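Colleague: Heads up: the protein sequence lines correspond to chains A and B, in order. Quick note on this note's numbering: the first sequence kicks off at 1 and runs consecutively. Quick note on this note's numbering: the second sequence kicks off at 1 and runs consecutively.
No lab work stands behind these hints, which were simulated from the structure alone. Note that this is a predicted model, so its numbers are computed, not measured. Treat the hints with caution; some may be incorrect.
Reference excerpt, derived from the structure (chain B facing chain A, CB under 10 Å, subset only) [claimed, not checked]:
hint, residue
1, Q6
2, Q9
3, Q37
4, P39
5, P43
6, V44
7, F45
8, I47
9, T86
10, A90
11, T105
12, F106
13, G107
14, K108
Straight-line C-alpha distance at most 30 Å; calculated DSBU-like pairs for lysine-lysine [as the list claims (entries may be wrong)]:
hint, chain 1, residue 1, chain 2, residue 2
15, B, K70, A, K9
16, B, K36, A, K57
17, B, K108, B, K36
18, A, K57, B, K70
19, B, K108, A, K57
For glycine and all other residues, C-beta sits at the position ideal for the given N, C-alpha and C.
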Amino acid sequence: NAGVTQTPKFRVLKTGQSMTLLCAQDMNHEYMYWYRQDPGMGLRLIHYSVGEGTTAKGEVPDGYNVSRLKKQNFLLGLESAAPSQTSVYFCASSYRGNRMNTEAFFGQGTRLTVV
Amino acid sequence: GQQVMQIPQYQHVQEGEDFTTYCNSSTTLSNIQWYKQRPGGHPVFLIQLVKSGEVKKQKRLTFQFGEAKKNSSLHITATQTTDVGTYFCAGPPAWPLGGGADGLTFGKGTHLIIQP
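Could you build all of it, start to finish, from the sequences and the hints given here?
Modeller: Here it is as structure tokens:
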């Protein structure tokens, strides 16, 4: 029972570099989300997807892009990393959307440092 | 900004003491969820409240949703060291999302620190 798996778990980037964070879920969930967590800020929604081939902006989308080419995968891209993107990134999935009162399952997180 | 405000930010208790964290919103919430995050871990779903005035219990944990659906609380009776972590409330998307947007808007969390 893998649930939600994120890769990598840790990464250090130099300013201006690009990278992609991968999220995979094996629960056949339609909805997937990317959040970032910063000290004292709780979790903030970056982008989300309500199904394969669809994505939408969350609360803090600037500087990030996403793709959902397969139902089980949700990719988060940073085209030109900035120190302000140093954070812990969490992927989550849910069977139905949060508006339909379903719980979210979170991955283990990716700790990203941009220097 | 955040739709739900959560207090306190930190709470130190002696093992065996009770603990309460509060969530408040300026707008009516259709539902509220609670999550727990252990140090170095990821958020784990605890419960969801939907009905006005709803009260749910999970062993030593009691969750309440206010009558006006603008506030919620989590109370832990007789804390144990396994209760250490950060407790988050989360509600539907806040402005400027809202409408048909999905996802959760999290409070900033209450860090529970237990002294043996």
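Colleague: For which of the previously enumerated hints does the structure constitute a violation, in increasing order of number?
Modeller: 4 and 15
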